[in-house]
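Throw the hints in and build the complete structure from the sequences for me.
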Amino acid sequence: MMKAVVLDELGNLASLNYKEVGVPSPEEGEVVVKLRAAAVNRRELMIAKGQYQGARAPIILGSDGAGEVYSLGNLVKSFSVGDQVIINPGLNWGKDNNKKNVDFSILGMPQNGTYAEYVKVPVENIVEKPAHLSWEEAASLPLAGLTAYRALVTKGKIQKGEKVLIPGAGGGVATFLIQFAHVLGAEVYVTSSKEDKINKAMELGAVGGVNYTEENWVEQLLELTGGIDLSIDSVGGDSFKSLITLGKIGSRIVNFGSTRGPINNLFLPSLTLKEISIIGSTMGSMDDFSKMIKLVNEKEIHPGIDRVYSLREVNKALERIEKGQNFGKIVLTMDEI
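In case it helps, numbering that gives the first Met the number 0 puts the sequence shown at residues 0 to 336.
For the record, the hints were derived by calculation from the structure and aren't laboratory data. Do not take every clue at face value.
Straight-line C-alpha distance at most 27 Å; calculated BS3-like pairs for lysine-lysine [said to hold, decoys possible]:
(1) 247 to 159
(2) 2 to 247
(3) 76 to 293
(4) 33 to 18
(5) 119 to 76
Okay, here's the thing in structure tokens:
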């Protein structure tokens, strides 16, 4: 038996229960990983609230994890029991790097995820843990790091010396965006509603930022930057139009989310006259994941960790994300704290 956090009822955070369940067994081409740490994402909060398409219960939540190979299914030759690995949560992406398969899914829904002592995944979804990372850092990397890499590099085509804007600095993906853009030679700017988050972003490599609650924040940012080459947005909402105002002629906007809802009354001539490209992005392919891990290894990037909780404290972790209190990733450890 193993300890796990099981969502027993959709739409009811109180139904997240820390309990004993059976340890999974690997099938052909699969491995079971004994997890040392798992990271928390807003995705799990949405699933628990019943706001995620295709959500079901009961389910073990969690997409991110790192640990040691515990058991091997038939035909698995590339790893051995005891190997230290991290998990790529993207399942069944397919061979085309440009688009995912129709049966693509993310670990933790509809498959059981990483809020547990053990998890079962296809062998192609594990890679060697970067040696310079702690278990907590390694667990925080997969979903947010992969999302950031694809948006910034694969879709955004970031170039050295470009001015890059990361709106809403503070979340896990945003912190990776700042770090990746910085080590790739970009000039990084951020927005936030809190001065301390702007300061923390600058510690990660941003050169400046503005508080978007101030009425003239767009003018401030234009004066600071002279215009933006690439914006990586997960916010959407009415502030999306400001990214067009901030963009240089021929600039790009990559969007991978809409935490502030739909974009209303977008004035297309302002987009077309500046020849700005708007590009959609999602989590990322197997190739993106490999390249992201290579970048982390080569540049010895350390993910920003906000807080570490024990697995049984998952509700505290989700509450911190829901309130927007975190800067960087929140991690669950399988050890008691």
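Structure-based check of each hint:
no.	hint	in the structure
1	247 to 159	holds, 16 Å
2	2 to 247	violated, 52 Å
3	76 to 293	holds, 22 Å
4	33 to 18	holds, 17 Å
5	119 to 76	holds, 16 Å
Consistency with the previously given hints fails for number 2 only.
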